[in-house]
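Chemist: First residue of the sequence shown? That's 0 in numbering that gives the first Met the number 0, and the numbers climb one at a time after it.
Don't take each hint at face value.
Unchecked claim - Okay, derived cross-link-like pairs now, BS3-like style, lysine-lysine, Cα gap no bigger than 25 Å in a straight line: (1) K128 x K293; (2) K15 x K302; (3) K15 x K107; (4) K317 x K295; (5) K44 x K103; (6) K24 x K40; (7) K302 x K317; (8) K107 x K131; (9) K44 x K58; (10) K131 x K295; (11) K293 x K15; (12) K107 x K51; (13) K317 x K293; (14) K15 x K131; (15) K302 x K24; (16) K77 x K99.
What the hints assert, rightly or not - Here are the in silico distance ranges between beta carbons for each label pair: (17) D229 x D36: 39 to 47 Å; (18) N212 x K40: 40 to 48 Å; (19) S216 x K77: 32 to 40 Å.
Treat the hints as calculated values from the structure; they're not laboratory data.
For every residue, glycine included, the Cβ atom is placed at its ideal position computed from N, Cα and C.
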Amino acid sequence: MINLTVGVDIGGTNSKYGIVDSHGKILQRGSIPTAKDGNVKSYIKSLASEIKSLQSNIKEENTITGIGIGAPNANFYKGTIEDAPNLSFNGTVPFVELMKNEFKEVEKVAITNDANAAAMGEMMYGGAKGMKNFIMITLGTGLGSGFVINGELLYGADGFAGELGHITVVPEGRMCGCGQLGHLENYCSATGMVRTAHELLAHHNASDSLLANKPFSKLTSKDIYQAALDGDEVAQQVFELTADILGQALASAVHIASPEAFFLFGGPIAAGNMIIKPVIESMENSLMNHFRNKVKVLPSKLKMGDAAILGASALVVK
Numbered sequence: 000m001i002n003l004t005v006g007v008d009i010g011g012t013n014s015k016y017g018i019v020d021s022h023g024k025i026l027q028r029g030s031i032p033t034a035k036d037g038n039v040k041s042y043i044k045s046l047a048s049e050i051k052s053l054q055s056n057i058k059e060e061n062t063i064t065g066i067g068i069g070a071p072n073a074n075f076y077k078g079t080i081e082d083a084p085n086l087s088f089n090g091t092v093p094f095v096e097l098m099k100n101e102f103k104e105v106e107k108v109a110i111t112n113d114a115n116a117a118a119m120g121e122m123m124y125g126g127a128k129g130m131k132n133f134i135m136i137t138l139g140t141g142l143g144s145g146f147v148i149n150g151e152l153l154y155g156a157d158g159f160a161g162e163l164g165h166i167t168v169v170p171e172g173r174m175c176g177c178g179q180l181g182h183l184e185n186y187c188s189a190t191g192m193v194r195t196a197h198e199l200l201a202h203h204n205a206s207d208s209l210l211a212n213k214p215f216s217k218l219t220s221k222d223i224y225q226a227a228l229d230g231d232e233v234a235q236q237v238f239e240l241t242a243d244i245l246g247q248a249l250a251s252a253v254h255i256a257s258p259e260a261f262f263l264f265g266g267p268i269a270a271g272n273m274i275i276k277p278v279i280e281s282m283e284n285s286l287m288n289h290f291r292n293k294v295k296v297l298p299s300k301l302k303m304g305d306a307a308i309l310g311a312s313a314l315v316v317k
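When you get a sec, could you build the whole thing from the sequences and use the hints?
Modeler: Now the structure itself:
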């Protein structure tokens, strides 16, 4: 009999899930569309059915000991998803309770936000093995963060601690999806980089830029990276500005949490030292003297396609 865990990553468009063994190997995986009609009970029944179908494909006799879930606006303490702006679920959804109804034999079901799940995955299967104090930064449509302090995720009093993406970096700046202005994720996420590119194109009237003919809805951080490699000045400036703001924000986090390292994960990190090196320089320039040259800034060692599932499954590993 082998013990297995399940990791579920709930995204705005699709939900990915996988069955994971004790070595962090994903034995089976799949995905279904995330509910668009707000019918969470129907969605969970479909998700449970798909997971059970995957389990039946495993030849060895096995048991699922835990199910971990990463989702936007998830509350670890309450087992709920609360007012997630990119999901169709209304209000507060008792997600863990509903999942337990479908998996009565499973010992543990837990949920947390996607960045916290990524932090758990990094600590168990990635570059943070052996570390007790580090911060995970996920760069995608938004900017997520998970703080690990003394070997445990930081949840705070209400379950929502560690939202670095929603610190103000530009007063009266860009409108954030949360309704506030000038937050970090509006400048240093993949989406934020696209917004910066279009602002620079307009400011410089840069009709000769390699990015000039890309409409806002089609431009990606990968396009900006490629243009920067090809010598495009606007694209290079996007990376400079993004790295400078992110580095200052990381310095603020160092002053609060004094981590051993930051791990950066997501599409923009594929640019490597084009972004990581200037982030380090900006961070070091913004630090108090006794914090300098102590904190590492490293790319995640989790595989892009595996990270969300492994991170979620790590929540329930004994």
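Chemist: Determine for every hint whether it applies to the structure shown.
Modeler: Hint check results:
Under the criterion of a C-alpha separation no larger than 25 Å, the hint pairing K128 with K293 is consistent with the structure, at around 18 Å. Between K15 and K302, the direct Cα distance comes to roughly 15 Å. Compliance with the 25 Å bound is thereby established for this hinted pair. Taken as a hint, the K15 and K107 pair is honoured in the structure, with Cα atoms around 19 Å apart against an allowance of 25 Å. As the CA atoms of K317 and K295 are separated by approximately 29 Å, the hinted pair breaks the 25 Å bound.
Taking the CA atoms of K44 and K103, the gap is about 13 Å. The hint holds against a cut of 25 Å. Pair hint K24 plus K40 does not hold up; C-alpha atoms about 30 Å apart against a cutoff of 25 Å. Of the pairs offered as hints, the one joining K302 and K317 holds, with about 22 Å between alpha carbons and a cut-off of 25 Å not exceeded. Simply put, K107 and K131 have alpha-carbon atoms about 24 Å apart, close enough for the 25 Å limit, and the pair holds.
Straight-line distance between C-alpha atoms of K44 and K58 comes to about 24 Å, which keeps the hinted pair within the 25 Å bound. Our distance criterion of 25 Å between C-alpha atoms is met by K131 and K295, whose separation comes to about 14 Å. Proximity of K293 to K15 is assessed by CA-CA distance (about 37 Å); at most 25 Å being required, the pair is judged violated. Straight-line distance between C-alpha atoms of K107 and K51 comes to about 16 Å, which keeps the hinted pair within the 25 Å bound.
For the hint pairing K317 with K293, the CA-to-CA distance comes to about 32 Å; that exceeds 25 Å, so the pair is violated. Restraint check for K15 and K131: the C-alpha separation of about 28 Å exceeds 25 Å, so the hint is violated. With a CA separation close to 12 Å, the supplied pair K302 and K24 stays within the 25 Å bound. About 14 Å separates the Cα atoms of K77 and K99, which keeps this hinted pair within 25 Å; it holds.
The given range of 39 to 47 Å is respected by D229 and D36, whose C-beta atoms sit roughly 44 Å from each other. In this structure the supplied range 40 to 48 Å holds for N212 paired with K40, their Cβ-Cβ distance being about 46 Å. Against the hinted window of 32 to 40 Å, the Cβ-Cβ separation of S216 and K77 comes to about 36 Å, which satisfies the hint.
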